[in-house]
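Participant: Sequence:
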Amino acid sequence: MRHARRRIVRRVARLASVGGIVLGAAMVTQAVASEPPAASPGVLAENTGAGLVDKLGSSRTAGSWMDGRGRPVVAVTDDEAAAEVRRAGATAKLVRHSMRELKSATEELRSAPRVPGTAWLVDYRSNEVVVRGDSTVSAADWSGLTDLADGIGGFVRMERTEGTFTTRINGALPILSTAGRCSAGFNVTDGKTDFILTAGHCGPDGSVWFADNRGNRPVGRTVTGSFPGNDYSLVQYAGGRAGDGAGIVAIGNGQGVRITAVGETSVGQRVFRSGSSSGLRDGEVTALDATVNYPEGTVTGLIETNVCAEPGDSGGPLFSEGIALGVTSGGSGDCREGGTTFFQPLPQALSALGVQLITSGPQNGQGTVPPPSDPQSAAASGGSSPVSGEAGRELLARLADPRNVGPGLLVVGGSLVALVATRYIRTEQDRKAYQRYYSATWG
Numbered sequence: 001m002r003h004a005r006r007r008i009v010r011r012v013a014r015l016a017s018v019g020g021i022v023l024g025a026a027m028v029t030q031a032v033a034s035e036p037p038a039a040s041p042g043v044l045a046e047n048t049g050a051g052l053v054d055k056l057g058s059s060r061t062a063g064s065w066m067d068g069r070g071r072p073v074v075a076v077t078d079d080e081a082a083a084e085v086r087r088a089g090a091t092a093k094l095v096r097h098s099m100r101e102l103k104s105a106t107e108e109l110r111s112a113p114r115v116p117g118t119a120w121l122v123d124y125r126s127n128e129v130v131v132r133g134d135s136t137v138s139a140a141d142w143s144g145l146t147d148l149a150d151g152i153g154g155f156v157r158m159e160r161t162e163g164t165f166t167t168r169i170n171g172a173l174p175i176l177s178t179a180g181r182c183s184a185g186f187n188v189t190d191g192k193t194d195f196i197l198t199a200g201h202c203g204p205d206g207s208v209w210f211a212d213n214r215g216n217r218p219v220g221r222t223v224t225g226s227f228p229g230n231d232y233s234l235v236q237y238a239g240g241r242a243g244d245g246a247g248i249v250a251i252g253n254g255q256g257v258r259i260t261a262v263g264e265t266s267v268g269q270r271v272f273r274s275g276s277s278s279g280l281r282d283g284e285v286t287a288l289d290a291t292v293n294y295p296e297g298t299v300t301g302l303i304e305t306n307v308c309a310e311p312g313d314s315g316g317p318l319f320s321e322g323i324a325l326g327v328t329s330g331g332s333g334d335c336r337e338g339g340t341t342f343f344q345p346l347p348q349a350l351s352a353l354g355v356q357l358i359t360s361g362p363q364n365g366q367g368t369v370p371p372p373s374d375p376q377s378a379a380a381s382g383g384s385s386p387v388s389g390e391a392g393r394e395l396l397a398r399l400a401d402p403r404n405v406g407p408g409l410l411v412v413g414g415s416l417v418a419l420v421a422t423r424y425i426r427t428e429q430d431r432k433a434y435q436r437y438y439s440a441t442w443g
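Under my numbering, the letters of the sequence shown match residues 1 to 443, in that order.
For the record, the hints were derived by calculation from the structure and aren't laboratory data. Just so it is clear, CB atoms sit at the ideal spot from N, CA and C, and this is done for glycine as well. Any given hint could turn out to be false.
So the derived label-pair ranges between C-beta atoms look like this [stated by the list, open to error]: (1) Gly206 - Ser111: 32 to 38 Å; (2) Pro295 - Ser59: 34 to 40 Å; (3) Gly153 - Asp212: 21 to 27 Å; (4) Lys103 - Arg214: 47 to 53 Å.
Build out the structure end to end from the sequences listed, making use of the hints.
Facilitator: Next up, the structure:
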């Protein structure tokens with residue numbers, strides 16, 4: 001009877017240990033596979049300090065940005081505003097010039113004769129207006145701009161930049177027309193018909209787009225847009241519907257990112273861009289409300305980033321954590337040496353066009369998924385060349401996070417110890433029983 005009880009106890013212990021290993025492995029798998037819930041646009045704006053800037057006003061603040069730890073910093077012009085920012089849980093930085101002064105300087109620059117190859121923006125972190133000139137700006141034009149900046153005040157900084165500020169239109173897939181080649185951005189709808197939202201400089205109204213260079217697979221026709229001034233347009237689907245995968249942005253390597261909402265950007269925010277010429281690239285937002293004087297005309301209100309882009313990436317999507325942020329407009333440099341890229345903010349484009357973003361179904365965050373199988377849907381979802389990017393980085397981040405994987409590994413480790421201990425105890429018990437049984441014959 002005693003031996004039967006021992007066998008039952010050993011079996012229960014082994015089953016419990018094996019069950020613990022299975023449970024722990026499931027916990028690890030769940031931690032790796034799951035994604036954190038995507039933040040809503042309202043939460044994003046709240047976390048970046050934009051709400052505090054709106055509340056305190058442009059005469060007491062000078063913008064906000066995210067620090068190296070992802071926490072909001074708000075530039076303020078007086079001690080009372082600084083105290084209010086701190087009470088709200090953000091970091092306050094006292095500066096000399098308010099946003100009202102900085103904006104006044106940009107308005108004065110805008111009223112001057114236009115010089116192609118120049119751009120200006122407000123640098124929140126340095127509390128300055130930065131004027132940039134590319135290699136096409138002549139010495140005489142640059143000297144004139146410098147004199148104008150000196151007259152505005154000492155908070156206007158002049159910078160020369162390599163390369164040229166151009167729209168990124170040549171040589172890309174997946175949508176092609178007689179007007180040029182571009183990357184598709186996001187799928188949108190007016191409730192009756194679906195559209196591709198892409199860059200406005202990609203082609204005028206009436207441009208017909210195809211998914212191949214032989215004109216055998218029609219995608220749709222440009223029905224409205226704005227460029228210069230803004231940089232967005234709508235391509236109406238030939239069949240009226242975007243099809244499967246309309247809420248997914250392709251990032252290459254057979255993967256895509258679920259787009260769950262539209263939001264605003266913040267200086268210092270980490271962002272991703274997908275384009276059919278250079279694939280998936282990442283960087284951070286360096287300025288907002290930038291003005292760029294392209295050769296074709298001036299575009300205002302753009303997002304400036306240090307994400308690289310190349311010809312053919314025009315119209316491609318800008319996003320972060322599954323939140324749609326903008327479409328690629330233009331910039332300077334390339335993805336070998338690096339550069340500056342500007343984006344048309346998505347909320348303003350959606351509002352002006354009277355359309356809504358088509359989002360993915362209810363999912364946990366922006367997990368990677370297979371791209372759309374239909375060629376037109378793939379084109380509309382911002383198809384890109386195969387690269388390893390965000391998916392791998394997100395997986396490594398989750399594996400390295402002890403809050404996600406630690407509990408599962410702890411259960412697995414404890415169960416393995418219990419299993420080994422049970423095996424050892426059983427072996428010792430069997431050895432002693434064997435010794436007692438046969439000890440009479442040992443001599």
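Participant: Give a verdict on every hint.
Facilitator: Verification of the supplied hints:
The supplied range of 32 to 38 Å is met by glycine 206 and serine 111, whose beta-carbon atoms lie about 34 Å from each other. Between proline 295 and serine 59 the beta carbon distance is about 37 Å. The supplied range of 34 to 40 Å therefore holds. Between glycine 153 and aspartate 212 the beta carbons are some 54 Å apart, a value that contradicts the proposed interval 21 to 27 Å. A hinted range of 47 to 53 Å for the beta carbons of lysine 103 and arginine 214 is consistent with their spacing of about 49 Å.
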